[in-house]
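**Q** Which chain is which? The protein sequence lines are V, D, A, X, Y, B, F and L, in order. All the letters of the first sequence, read from the start, carry residue numbers 1 to 174 under the numbering used here. All the letters of the second sequence, read from the start, carry residue numbers 1 to 174 under the numbering used here. All the letters of the third sequence, read from the start, carry residue numbers 1 to 354 under the numbering used here. All the letters of the fourth sequence, read from the start, carry residue numbers 1 to 354 under the numbering used here. All the letters of the fifth sequence, read from the start, carry residue numbers 1 to 247 under the numbering used here. All the letters of the sixth sequence, read from the start, carry residue numbers 1 to 247 under the numbering used here. All the letters of the seventh sequence, read from the start, carry residue numbers 1 to 67 under the numbering used here. All the letters of the eighth sequence, read from the start, carry residue numbers 1 to 67 under the numbering used here.
The hints are simulated quantities; they were obtained by calculation from the structure and are not laboratory data. There may be inaccurate statements among the hints.
Computed cross-link-like contacts, DSSO-like style, restricted to lysine-lysine with a CA-CA straight-line distance of at most 27 Å [what the hints assert, rightly or not]:
1) X:Lys352 / A:Lys225
2) Y:Lys85 / X:Lys198
3) V:Lys158 / A:Lys10
4) X:Lys328 / A:Lys305
5) A:Lys302 / X:Lys302
6) X:Lys328 / A:Lys304
7) Y:Lys219 / F:Lys43
8) A:Lys328 / X:Lys240
9) A:Lys206 / B:Lys202
10) A:Lys302 / X:Lys304
11) Y:Lys2 / F:Lys45
12) A:Lys328 / X:Lys302
13) B:Lys242 / Y:Lys234
14) B:Lys85 / Y:Lys152
15) Y:Lys186 / F:Lys3
Simulated coverage check for chain A against chain V, where a stretch passes if three residues somewhere in it have a Cβ under 8 Å from a Cβ of chain V [to be verified]:
16) 171-182
17) 257-266
Here are a few chain F residues that sit away from chain Y, every Cβ distance over 12 Å (derived from the structure) [said to hold, decoys possible]:
18) Asn24
19) Val27
20) Ser29
21) Ser30
22) Lys31
23) Glu41
24) Val42
25) Lys43
26) Asn44
27) Glu47
Quick caveat: nothing in here was measured; it's all calculated off a predicted structure. Even glycine gets a Cβ: it sits at the ideal position worked out from N, Cα and C.
What follows is the residue order along each chain.
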Amino acid sequence: MREEIVAAGFGGQGVMLIGKILAYAGMLEGKQVTYFPSYGAEVRGGTANSTTIISTAEIPTPVSRHPDVLLAMNSPSCKKFGSRLKKGGLLIANSSLIENVFKRSDLTIIKIPATSLANNLGNKRSANMIMIGAYLKYKAIVSLKSVEKAFLILLPGKKDLWDINKKALRLGME
Amino acid sequence: MREEIVAAGFGGQGVMLIGKILAYAGMLEGKQVTYFPSYGAEVRGGTANSTTIISTAEIPTPVSRHPDVLLAMNSPSCKKFGSRLKKGGLLIANSSLIENVFKRSDLTIIKIPATSLANNLGNKRSANMIMIGAYLKYKAIVSLKSVEKAFLILLPGKKDLWDINKKALRLGME
Amino acid sequence: MKSKAAKERKVLMCGNEVIGEAAVQAGCRHYFGYPITPQNELTAYMAKRMEEVGGVFLQSESELAAINMVLGASACGARAMTSSSSPGISLKQEGISYIAGMELPAVIVNVMRGGPGLGNISPSQSDYFQAVKGGGHGDYRIIVLAPSCSQELYDLTALAFDLADTYRNPVMILADGILGQMMEPVALRQINPKHVKKPWVLTGAKNRPGRRLCSLFLETGGLEKHNASLQEKYRRIKAKEVRCETYNISGAEVIAVAYGSSARLTKAAVKMAEERGIKAGYIKPITLWPFPEDVFIKEKDKNKKYLVVEMNEGQMVEDVERCVGDRKRVFFYGHAGGWIPQTEDIFKRIKKLA
Amino acid sequence: MKSKAAKERKVLMCGNEVIGEAAVQAGCRHYFGYPITPQNELTAYMAKRMEEVGGVFLQSESELAAINMVLGASACGARAMTSSSSPGISLKQEGISYIAGMELPAVIVNVMRGGPGLGNISPSQSDYFQAVKGGGHGDYRIIVLAPSCSQELYDLTALAFDLADTYRNPVMILADGILGQMMEPVALRQINPKHVKKPWVLTGAKNRPGRRLCSLFLETGGLEKHNASLQEKYRRIKAKEVRCETYNISGAEVIAVAYGSSARLTKAAVKMAEERGIKAGYIKPITLWPFPEDVFIKEKDKNKKYLVVEMNEGQMVEDVERCVGDRKRVFFYGHAGGWIPQTEDIFKRIKKLA
Amino acid sequence: MKKVFGRTRTLRDTHTHYCPGCGHGIAHRLVAEVIDELGIRERTIGVAPIGCAVLAYYYWDLDICEAPHGRPPAVATGMKSVNPKNIVFTYQGDGDLAAIGFNETIHTANRGENITVIFINNAVYGMTGGQMAPTTLCGQVTATTPSGRNVKRYGHPIHVAELLANLPGVSFSSRVALSDIPNIMKTKQAIKKAFQVQMDGKGFSIVEILSPCPTYWRKTPVESLKFIKEKMVKTFPLGVFKECGKK
Amino acid sequence: MKKVFGRTRTLRDTHTHYCPGCGHGIAHRLVAEVIDELGIRERTIGVAPIGCAVLAYYYWDLDICEAPHGRPPAVATGMKSVNPKNIVFTYQGDGDLAAIGFNETIHTANRGENITVIFINNAVYGMTGGQMAPTTLCGQVTATTPSGRNVKRYGHPIHVAELLANLPGVSFSSRVALSDIPNIMKTKQAIKKAFQVQMDGKGFSIVEILSPCPTYWRKTPVESLKFIKEKMVKTFPLGVFKECGKK
Amino acid sequence: MGKVVINSARCKGCGLCIEVCPKNVLVPSSKNNHLGIYVVEVKNKEECIGCSRCAIICPDAAIEVYR
Amino acid sequence: MGKVVINSARCKGCGLCIEVCPKNVLVPSSKNNHLGIYVVEVKNKEECIGCSRCAIICPDAAIEVYR
Ligand SMILES: Cc1ncc(C[n+]2csc(CCOP(=O)(O)OP(=O)(O)O)c2C)c(N)n1
Ligand SMILES: Cc1ncc(C[n+]2csc(CCOP(=O)(O)OP(=O)(O)O)c2C)c(N)n1
Ligand code: SF4
Ligand code: SF4
Ligand code: SF4
Ligand code: SF4
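Bound-form chain V, shown alone (with noise of 0.2 Å):
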């Protein structure tokens, strides 16, 4: 098993902590894990994006040329990293900011408006774990546990956050 998920999105957005989350829930779950996040000059015009793989063998770079998921938060990063995207790789989108989904017929496509239900959610900024949750829905690539205890131990003594943060996971997952 090895799986490449990209996370991109503005700054701000929280797609590195989507990366983090899903690589340290791998951990805990014994697999082998890395995260890797753009930086410096790139960060640079608000976009950030971030690489995770999960595996069960050593992973020989944390970096993905053609990774098997792509977790889009806007349209910017949609159309850069879907073109990227493993042919039959899993794209989910944030409908609410990404109007024209990369057109590839080989993808397989969710679209789910993350950014309106966190917003409905009361939580503008946990529309990152509603994507978690619809990934976690398609691919139950770590389990949901692991994602309480991965939050828990990136964010110390959040339990209340984790409170908000779970329902919009499970909102994803819906």
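Position chains D, A, X, Y, B, F and L with the ligands against the provided structure of chain V, taking the given hints into account.
**A** Then chains D, A, X, Y, B, F and L with the ligands, alone, in the frame of chain V:
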């Protein structure tokens, strides 16, 4: 033919000029020559020395570990370089400033009170030329004419100075 | 991360932070650095951690100042460290030459990026020559450690401080943008810093004559003697401190050679080749200096081929050629400027050579 | 020294001044430098001569400033030069990497002294690695010329400016304290600077869009492409610009290899050996990069032995090992820190190997 | 209707990589406008720094050269020495000019090199992720001062414009701010003055510009301008610190 | 009879490599006397420069470290950070401190590092053979200014003591001269004051000492002292430019 | 009396123009451009007096003003 | 009333002490030391008032003063 000559003394005694004049004269006579000064931090504290090599063959290095000739203008340099002279080498010592000449039975030692002679001549600074004179008298390594030419090239427009120095040179040769 | 609690379990930190934590655990309490991508997380981590452990963190005005602050702190006995990336490391070369000449311990981290010049911040291995042959002036050597995963970042950083103290010599951690930025699980094992007596340290001349630390040797032949003694030390290090990971070199027809980030990919390619019935092995130098020369020299088989994979235009390959002694059997695969090899491509090249 | 008058006859100048005069004759009108022994006569000479010829002499506040002033002057089309000695050259490494990355011509003189650190001002060849492998970061190469007598100081300095312009690349004159300080006869031949068009020069964007000179390449893969094109240029230089003096290599049992000051001594030792009936020859690389690899590679005789003589602890010897391809036939004789070999001692070593 | 405001000739019509609300964009435009108004585009050469403005050569339609981090004044010195008729200017951040490159700054100013320096003081290192700069305010939190800039450890922010004004080689030194419309207008006037000083051969001129970095101030663009007006100018008073013929 | 003047404890009884009449010798003795009078020898660490004084570690019986040319303030910063109870001082020439190393000087001063800098201003580079220093007087002939220092090219001599006094981190800044007996006494007092400032934890202290270099001034030792008194002080006025608690 | 033209390809949505406009001509839009940025748009067109304040503060030279 | 002792191994003959002595106690000698330097010597011994001026200016700490 190959002659390695070290001239050594205080800064200000003109030992560098000795070396340059001999080298230039050698060059004018179609010989291979090198001139190598002591430099940098070594110069602090007022000592100075230079090495001149005159040869009919290519000169592999301008540095001499065991020179053929030492023109010693003061006591410390007589000690320092005297011990390094080649077996059977020639030491010309400025006896005005060197009381106890270095003792080595294999050396040919010529003592000449260059400083006093120069003072008598009325030109303190020409002690170096007296040393050259003494050397040329003993070994006609270059001609007096070449020395004159060299002097005038190295100190262009100093014809009057040459007149005094020529006297000094002849004095040394006496 | 508190060392006790973290000792057993693995955590996920970015490589730059792993280096920082290892340094803290190894007793480093003096860090001096100047920001540069892709190592900024290390500087930021030390800023935070030094406050916590009561150490000294100082963002210096420049890389020149940083390396010389390290010199000063080390002269007074501290385990001191600095880090930078390629252009900043170039600026440190004079200081490194002094530290080596004065025989002071120091740990220097280079998280390499693309060059030459400003280049870019992509991962790269373009500073092998600079690190291994000496980018500064004079015949000094520094120990160069090349981690290829987060755990090695941790373990080798700790080792770096011990080696630096043991040999009174600068030690460089040669990493790259991938290693510095990537998070992967790492066990923050308990580190027991080696205690090395430092009778040369400057403390103020209490009840003794003054000491001097310098790289100038006044007596005739002094510098020559000093260089001879440095070389003697380097021979000792060469004899004792070579570290290298090898896999199936005796059975292989093709041996892949790589370090750092590219070694991970190369290993995977070798496994891939094996699975396809190709007799392949690998050599992963962990110390780039001292280079594991003997591994190559002892290999007498005149038919084996070597594939050197580097994220540069060919640098370590020169050492491999030198040690293999037959350039026709040494092949190179690499590019500079942010290029990262792919397992499949390395595999293809192995296959072609087999 | 006026060029016309001096053209035919030989003069006696110290090596540092010879370099300066060659630069002036080669059309260099922009010199930037910071004092350091043993190259100070060059700086002083340029101070005087630039006043005479109406050029620019500027004593900079540091070596960092000097190399970057060269960068600026070169970007505007001038034949620009700087000089220093070992520690100062270390400080210039970042700038050199930028100049190489930006593909600007520049002439850099290193009159080497003893290291590491402050070391001393005695002659030395301890910066071979730094010059030839690249002391700065990234995969760049600079052309390295190694004169071994005053005439070569003159001729190669002139050549350096032509090569720099032709290839838009830094060129280094690698000399040492002996060459810089020694006076020996030199013919100040008329130099005819090669005229190279420079359509990239910054002049102000008159009737055209603005130009940029930089080492950063923004587009994805841009820096990779740039590096590939640099490597392509380096291959061209390797194919065309290798310079080397050889003597009796086909007939020799022992081939001595040396450059610069030590080549003079080595040649004398080879002659001495010949006179005593020993079959000896020599190789004197004049370009250290590109290294005359083919001279070694083409030599198929598996019995020939090589004696590499350097005033350091063994640097070029690694390139010889690499090219000869058999370390057991390559021997080294050298020390660092001011040591100067003696003809007799080199001869003895040749004799032992014969 | 007539166009009363548009993009000036020297400012390329292209997307910049700056964050929304970044002062570099405003400063770039002002420099371009001044160059066009003075009619010197065809003899002007710029030197770009290493910092967020490293890509300035993509944004100005001018001849421009990159310089290693901190070394623009040395590069500019070399350039000006080739053809003194060229108008040479550097554009530098506070890390570039006042940290790693302060020696080049001071010596170039002291020599009275006839160049112009546009100095963007945004109190942080933008490009590398918001670390402390020599101009970071006391108590300001940055990536490398997690508890705020500690005066005991790092001393006070460096006052570049005032310090350089002490050097006889400096003919014009002024501090301005991109905090609001009137101050932006003044900034433009100061930049123009600085170039004019160079055109008149009077020696070194520098304009220090207080400029917002919303990203690493962790503020919105609007809050950032307020921050300049309310906080930053207290540490860095605006004004002309020197204006005279070259001594 | 009682000995009223003799070699102080910290000054080693050895030959120095300095030229006859060189001010370094006097300054060395004064520093040693101050250290002994303050009784701090056993906790003092010195940093020697690259310059004529590079061999200071042979002349003072103290713990001393060499620093690369211009970097003593950085080395001293590293040292002081290890054990703030140590008294740390640098001893630097004008090339070392004000040319190549001026950035380290300024930033160390600005941080208010609690160290003492003894700054020998002899208006030339001694060690390398008499080239121009940042403090070379206008018109002064040196190896690199064969027609005299040209203000148009090199600007005016840098006034280190005054410039540093502008920085809040600096607690004591003074210029003194080794020109005659009273001024030598004042120099010693200034050095003592500077060390006391450090002992009191008040921050950066510097003493700029006008010092003769007969060799590269091409003057006799006696003429050299006269030159300081009659010429050098006109450019470099003596005095205390700052004396206060650390801001 | 005045007219502003916003180049929404250049606009980064920083909102400075909105802040300085004395006539509240400009507002944030809910449309994003090719980069995914929510750009500003002209709302109270007729209020514009062509004072250029918005253009002077725009860090992206995204505004042209006519009068 | 005073006495000066000159360590001629240290003296470099710079002559500064001669210059500052108010009593002309010191003079250049014609003897040189082991380094070949013409050192100073005490001539008008009895004139010395032990004021230490010579010692204070000596760059080579070559003078001891007794009183
Ligand atoms: C020698 C060197 N050191 C460090 C860096 C990393 N670096 C790039 S820009 C920068 C500072 C940026 O800050 P500033 O000059 O204030 O400009 P800003 O980005 O804030 O506009 C640093 C430290 C580098 N590129 N080169
Ligand atoms: C990096 C470097 N650059 C240059 C030198 C050469 N150098 C040694 S001392 C010195 C300057 C000496 O002048 P100063 O600091 O004024 O001290 P002084 O000798 O006059 O006491 C220089 C340029 C060096 N050793 N290292
Ligand atoms: S980081 Fe700051 S200075 Fe850099 S572009 Fe963004 S806002 Fe501007
Ligand atoms: S050169 Fe000058 S500073 Fe150096 S020792 Fe001689 S007199 Fe003193
Ligand atoms: S100021 Fe410019 S970039 Fe900012 S919102 Fe207005 S038009 Fe857009
Ligand atoms: S102590 Fe005073 S009187 Fe005596 S020799 Fe010295 S200067 Fe002259």
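**Q** All the hints need checking, so say for each whether the structure fits it.
**A** So, going through the hints one by one against the coordinates:
1. X:Lys352 / A:Lys225: Judged against 27 Å, a Cα distance of about 25 Å means the pair holds.
2. Y:Lys85 / X:Lys198: Measuring from Cα to Cα gives roughly 19 Å; hence the hint holds.
3. V:Lys158 / A:Lys10: holds (21 Å)
4. X:Lys328 / A:Lys305: holds (20 Å)
5. A:Lys302 / X:Lys302: Within the cut-off at roughly 15 Å; holds.
6. X:Lys328 / A:Lys304: Cα-Cα ~20 Å, so holds.
7. Y:Lys219 / F:Lys43: With Cα atoms ~26 Å apart, Lys219 (chain Y) and Lys43 (chain F) stay inside 27 Å; holds.
8. A:Lys328 / X:Lys240: holds (23 Å)
9. A:Lys206 / B:Lys202: holds (24 Å)
10. A:Lys302 / X:Lys304: holds (20 Å)
11. Y:Lys2 / F:Lys45: holds (17 Å)
12. A:Lys328 / X:Lys302: holds (16 Å)
13. B:Lys242 / Y:Lys234: holds (24 Å)
14. B:Lys85 / Y:Lys152: With a Cα-Cα distance of about 16 Å, the restraint between Lys85 (chain B) and Lys152 (chain Y) holds, given a limit of 27 Å.
15. Y:Lys186 / F:Lys3: This hinted pair holds, its Cα atoms lying about 25 Å apart.
16. 171-182: Since three or more residues must qualify, the claim that chain V covers the segment 171-182 of chain A holds, with 4 doing so at under 8 Å.
17. 257-266: holds (count 3)
18. Asn24: holds (14 Å)
19. Val27: Holds: least Cβ distance 14 Å, greater than 12 Å.
20. Ser29: Non-interface label stands for Ser29 (chain F): nearest chain Y Cβ at 14 Å, farther than 12 Å.
21. Ser30: holds (17 Å)
22. Lys31: Holds, because the least Cβ-Cβ distance between Lys31 (chain F) and chain Y comes to about 16 Å, which exceeds 12 Å.
23. Glu41: holds (16 Å)
24. Val42: Since the minimum Cβ distance to chain Y is about 14 Å, Val42 (chain F) lies beyond 12 Å and the statement holds.
25. Lys43: holds (18 Å)
26. Asn44: Non-interface label on Asn44 (chain F) holds, nearest chain Y Cβ at 17 Å vs cutoff 12 Å.
27. Glu47: With a cut-off of 12 Å, Glu47 (chain F) remains clear of chain Y, as the shortest Cβ separation is near 16 Å.
Hint check: no violations occur; every hint is consistent with the structure.
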